[in-house]
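Q: Chains A and B, in that order, give the protein sequences.
When the letters of the first sequence are read in order and numbered with the numbering used here, they come out as residues 1 to 282.
When the letters of the second sequence are read in order and numbered with the numbering used here, they come out as residues 283 to 614.
Keep in mind that the hints were calculated from the coordinates and are not lab data.
It should be emphasised that the depicted structure is a prediction, and the values quoted were computed from it without experimental measurement.
Each residue gets a CB set at the ideal place from its N, CA and C atoms; glycine is no exception.
Keep in mind that the hints are not guaranteed to be accurate.
Okay, the calculated beta carbon distance ranges per label pair [said to hold, decoys possible]: (1) B:A526 x A:T191: 52 to 58 Å; (2) B:T410 x A:L271: 40 to 46 Å; (3) B:H494 x A:V47: 51 to 57 Å; (4) A:F44 x B:V295: 55 to 61 Å; (5) A:V38 x B:E292: 44 to 50 Å; (6) B:K354 x A:F44: 56 to 62 Å; (7) A:L271 x B:E398: 38 to 44 Å; (8) B:K394 x A:T270: 33 to 39 Å; (9) A:V47 x B:D467: 53 to 59 Å; (10) A:T280 x B:E398: 28 to 34 Å; (11) A:V38 x B:D467: 37 to 43 Å; (12) B:K394 x A:F44: 49 to 55 Å; (13) A:A163 x B:K354: 41 to 47 Å; (14) A:S13 x B:D405: 26 to 32 Å.
Residue strings, one per chain:
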Amino acid sequence: MSTLAVSRPQLRSRPLWGWTLNDGFIVARRNLIQTVRVPELLFFSLVQPVIFVLLFAYVFGGAIPIPGEAAADAYRQYLMPGIFGQTVAFAAASSTVGLAEDLHKGIIDRFRALPMSPPAVLLGRTFADATRQILVLVVLSITGYLVGWRINNGLFNAIWAYALLLLFAYTVAWVGAWVGLYMPNPETANTAGLIWLFPLTFLSNCFVPINSLPGVLQTFAAWNPISALVLSCRELFGNPTGIQPDYWPLHHSELYTLLSCTVLIALFATLAVRRYTRATSR
Amino acid sequence: MSRDSAVHAEGLVKHFGDVKALDGIDLTVERGQVVGLLGPNGAGKTTTVRILSTLLKPTAGVAYVAGHDVVKQPDDVRHAIGLTGQYAAVDEYLTGRENLRMFGELYHLSPKYVKERSVELLDWFDLTDAADRPARTYSGGMRRRLDLAASLIAKPSILFLDEPTTGLDPRSRLGMWGVIQSLVDEGTTVLLTTQYLEEADQLAQDIVVIDHGHVIAHGTADVLKDQIGGDRIEIAVTDVSRLARAVELLRPIGTGEAVIDETRILMPVSGGSTVLVDAVRVLDSEGIEVSDIVLRRPTLDDVFLSLTGHVAEEEVAAPAKGRGRGRKEPKA
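Please construct the entire structure, taking both the sequences and the accompanying hints into account.
A: See below:
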């Protein structure tokens, strides 16, 4: 029983970037299989944003006026891109918790002892977490449609808006990955590791027009990349935008979204990969 | 010559902040050899393995694995080694087969090879029936077998096993020993860490005892046992309050210092079975009743005790790993 018949393996050769993509794909596949194997987790990750839509649309909706919009359902139209933005930002949560778990269980140790490309584990993780948001966006869009939200600006613009949302999901996934590699265990990751997401999503135009915010907070909200993202989506979907205070990112929302995502990915991917090559399970 | 050995480390030092985890470890493992790294929790066993498997960089010192410098040529080292850590590092949601496929592909082996090798390993580790079930449904022993199978997917010539049987029940432990033995029979070089003295005795030809980041002894099990000399007499008395007096009475019979291990007296002796008679006689002269008395060859426990002055710390509570979402406790 001890004799193993299969002959010694031959290593295949490929350029370095080829291996990085290959290994990233293998890890992404692994993370997406996890999604399918734990349907209850996927289900509840969909339920939460749906509940948010219903709460904001029906509880707060009547109380929050949108400057310059008289229509009764203006807030619901206004709200949906905000919910989209907030929801995709939480893609970071699964990167943080997932990596903290892998680290804690020693799986990162095993990956690191393999002759694989070092960025691949993080590439795969962030890619899978952003990909998962496609399903979330589909479910949210249907929910939005049911409460009266509409795409009013043509299919092409809508697709562009969804693309920006996924780019943003991918961006925050990298931030989340970097945070996750510092977490001592999954429990901490689930609480402390996600705290930054609340000011990020609430100090923005996701749920309320930022005209009403006092000085410093308004400046923060205006320069918050998620505000530019959500504003871009409102414009691209043809939803009410309210009246924008005078800040550069809000006058060039799409450009600022692309710029900030690029800069943040470059920064956090560098930091996360550097951290990864030193991380061990203790 | 150092580069011809499977593993060769010189003066490994590792500091974590102010903590000196390793304080100058020298270690050589020849090709095809099994070396046991023995020591209590916190002695530096895991840190040593992590440096040799390229996971940690040493603060000072050099190490070659399969002839490659672990710091300068980590990828070459990684191609040559398999690593099995203290806890089954397999993906819970993937099936056994998918786990092997993933790790095999990440070694950059051809898909055809990975597929055939997986079938072979699953069969060998008695996991064929469970191969297409997610690993989270596996028992602790099955996970450890899958974990070991994963580190064998690329047929590494050098295998690092960090406490491969910690937390396993006795039956699974015996099974694991059998597997390790057959790997060795096939010519795999193994460096294994353990806190079970019996395990090192069973598996390793050469034993390196470490404590507080230092190598404190090195040799075959027999050499280590001879080093502390002679046989051991072990005596239990009915009246525990008279243990101290019993030690005093026994002292002239022994060849070394007697120690009290909880309720038993442990003492090196020479002279075979006549010492048994002598011991019973001196104790009887003061009416100390002997409830148990044995004469035996020294074990590695005795070696450890005489080298470090303390008993090897067995883990009090087996880590709750291997079942469900076990948590790793921070190590001392």
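Q: What hints, given by number in increasing order, does this structure fail?
A: Of the numbered hints, 4, 6 and 12 do not hold.
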